[in-house]
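J.: Chain by chain, the residues run as shown.
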Amino acid sequence: MKYVDEFRAPELIAKAGEEISRLADPSRHYRIMEICGGHTHAIYRFGLKDLLPTNVELIHGPGCPVCVLPMGRIDDGLSLAANPDFIFAAFGDMMRVPGTHGSPLEHKARGMDVRIVYSPADALKLARNNPEKHVMFFAIGFETTAPSTALTLMRAKAEGLRNFSVFCNHVTIIPAIRAILDSPDMRIDGFVGPGHVSTVIGCRPYHWISTDEGKPVVVSGFEPLDILQSIVMLLRQLGRSEARVENQYKRVVPWEGNKAALRAMEEVFELRPYFEWRGLGFISQSALKIRTEYSQWDAEQRFTVPGVRVTDPKAAQCGEVLKGVLKPSQCKLFGRECTPEQPVGALMVSSEGSCAAYYNYRHLKPVTIANTATL
Amino acid sequence: VDLGLLEDQSPVAGDWVLIHVGFAMSKISEADALDQMRTLAMLGEAEAAMQEVQGYGLENEGPPVPEPKAAL
Chain H
89 MKYVDEFRAP
99 ELIAKAGEEI
109 SRLADPSRHY
119 RIMEICGGHT
129 HAIYRFGLKD
139 LLPTNVELIH
149 GPGCPVCVLP
159 MGRIDDGLSL
169 AANPDFIFAA
179 FGDMMRVPGT
189 HGSPLEHKAR
199 GMDVRIVYSP
209 ADALKLARNN
219 PEKHVMFFAI
229 GFETTAPSTA
239 LTLMRAKAEG
249 LRNFSVFCNH
259 VTIIPAIRAI
269 LDSPDMRIDG
279 FVGPGHVSTV
289 IGCRPYHWIS
299 TDEGKPVVVS
309 GFEPLDILQS
319 IVMLLRQLGR
329 SEARVENQYK
339 RVVPWEGNKA
349 ALRAMEEVFE
359 LRPYFEWRGL
369 GFISQSALKI
379 RTEYSQWDAE
389 QRFTVPGVRV
399 TDPKAAQCGE
409 VLKGVLKPSQ
419 CKLFGRECTP
429 EQPVGALMVS
439 SEGSCAAYYN
449 YRHLKPVTIA
459 NTATL
Chain Z
-16 VDLGLLEDQS
-6 PVAGDWVLIH
4 VGFAMSKISE
14 ADALDQMRTL
24 AMLGEAEAAM
34 QEVQGYGLEN
44 EGPPVPEPKA
54 AL
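For the protein sequence lines, the chains are H and Z, in the order given.
Note that this note's numbering has the first sequence beginning at 89, numbered continuously upward.
Note that this note's numbering has the second sequence beginning at -16, numbered continuously upward.
Just so you know, the hints here were simulated from the structure itself, not pulled from any lab data.
You may find that some hints are simply not true.
Said to hold, decoys possible - Derived DSS-like pairs (lysine-lysine); straight-line CA-CA distance at most 27 Å:
#, chain 1, residue 1, chain 2, residue 2
1, Z, K10, H, K420
2, Z, K10, H, K347
3, H, K402, H, K420
4, H, K420, H, K103
5, H, K137, H, K103
6, H, K245, H, K347
7, H, K377, H, K137
8, H, K377, H, K420
9, H, K411, Z, K10
Said to hold, decoys possible - Which stretches of chain Z does chain H cover? Using the computed rule of at least three CB atoms under 8 Å from a CB of chain H, they are:
#, region
10, -16 to -6
11, -2 to 6
12, 9 to 18
These numbers were taken from a predicted model, which means no experiment stands behind them.
Idealized CB from N, CA, C, for every residue including glycine.
All chains should be built: construct the whole structure from the sequences, respecting the hints.
T.: What follows is the structure, given as structure tokens:
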């Protein structure tokens, strides 16, 4: 466990914790959702929950790309890559995500050519270096990653590289937030907004959450102090019955986002009419598909995809955890049948999944205000 | 690092950028970048971040601001 005195500006961490306790009205119970899986990870890793009064509850949102991907998409991608002429390329955090017949890593053990890449551009390099093979990049991620895939596809097209395609699972964050707000069993008072998605989309796309739904949003960085400051900003707004979009992560996030990245996405992608999300079901206009101008590089348009739909293992309650209805430890399989070593559900695989974060850091000594008082 | 997504921000050699999956996403001031590097070191994440940078094949190009996770 990292103690408070190892954090940046420990006196500020202590102050933020005190300020949160001061701002939280004891007669209210606050439910604050951190949308992004990176925030969920940091909250568990640094024991930030222990700095909050009991009436400030953090609800973990849907912003973990691996977690929200339904198993059928993994099965579809792997079924294409069963062709011995294929190389299946994906980010490392996809490798242990279970499909119906095992994860990509287990398929590799059975002979499939599966490669870990750090960047979609690496997948393109693989295609250049393996002209006798077809390299399919299994693309996942929100708007943080989608522009990189888009630019890679633009380069593939410009080069006329024929042995490369993308199996596109990119999703967009705003429709997921809307689905959560529309969910009848969900009450959220405010949002810690995603940091890296916002470097691309900026802060404007969250305005409807404040104007139409009356909820404050604070786009946040990923360090312990960033997250605590964002909670302070949210509680200040809630205390004044305000609902605005604020940017705590100004050092990285421009208010208008990254226009070049948005242009690349616009060039290559269009919205799917609907897309299935694990836990949230089908959400309209919530995912990206590759435009017909790029159909030669779209695995779904170029090859026949089975279109598998798989329901999650019945006992696993990934959906409820993803929606924030259940805490990870309240799932029947948590820590028993489902562990990071033997994951049943995707939330236990990705380091950004709330189950894996909770599992990996639950034994650690929590940070407390008392620690900071001794500094 | 691929600078294709930063064309509006005209990065030049010596600028600091936030990298995600091998692509520079956002320019950062030097003060903020150095502060971020110090924080990563303090949080014990500098090594993981540099491993990711090595994954991009950038280890000989100086220390960019690494972004630890390839996700949201």
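J.: Would the hint linking K411 (chain H) and K10 (chain Z) be met if the CA-CA limit is 27 Å?
T.: Not satisfied, since the Cα-Cα distance of roughly 34 Å exceeds 27 Å.
J.: Straight-line Cα separation of K245 (chain H) and K347 (chain H) no greater than 27 Å?
T.: Roughly 21 Å separates the two Cα atoms, so the pair holds.
J.: Verify this for me: three or more residues of the region -16 to -6 of chain Z with a beta carbon less than 8 Å from a beta carbon of chain H.
T.: Held - the region -16 to -6 of chain Z has 7 residues with a Cβ nearer than 8 Å to chain H, which meets the minimum of three.
J.: Quick one, are K10 (chain Z) and K347 (chain H) close enough, alpha carbons at most 27 Å?
T.: Since the Cα atoms of K10 (chain Z) and K347 (chain H) sit roughly 13 Å apart, the hinted pair holds (cutoff 27 Å).
J.: If you draw a straight line from the CA of K137 (chain H) to the CA of K103 (chain H), is it 27 Å or shorter?
T.: holds, 15 Å
J.: Apply the coverage criterion to the region -2 to 6 of chain Z and chain H: a residue qualifies when its Cβ sits closer than 8 Å to a Cβ of the chain, and three qualifying residues are needed.
T.: With 5 residues closer than 8 Å to chain H, the region -2 to 6 of chain Z meets the three-residue bar; holds.
J.: Taking 8 Å as the Cβ threshold, is the statement that the region 9 to 18 of chain Z is covered by chain H upheld or broken by the three-residue rule?
T.: holds (count 5)
J.: Could you grab the alpha-carbon distance between K377 (chain H) and K137 (chain H) and see if it respects the 27 Å cut-off?
T.: violated, 38 Å
J.: Take a quick look at whether K10 (chain Z) and K420 (chain H) sit within 27 Å of each other, Cα to Cα.
T.: Between K10 (chain Z) and K420 (chain H) the Cα gap is close to 45 Å, so the pair fails against 27 Å, i.e. violated.
J.: Are the Cα atoms of K402 (chain H) and K420 (chain H) separated by 27 Å or less?
T.: At roughly 10 Å apart (the allowed maximum being 27 Å), K420 (chain H) and K402 (chain H) satisfy the hint.
J.: Is the straight-line distance between the alpha-carbon of K420 (chain H) and that of K103 (chain H) 27 Å or less?
T.: violated, 38 Å
J.: For K377 (chain H) and K420 (chain H), compute the direct alpha-carbon distance and say whether it is at most 27 Å.
T.: violated, 35 Å
Violation of the numbered hints given earlier is confined to hints 1, 4, 7, 8 and 9; the remaining hints are satisfied by the structure.
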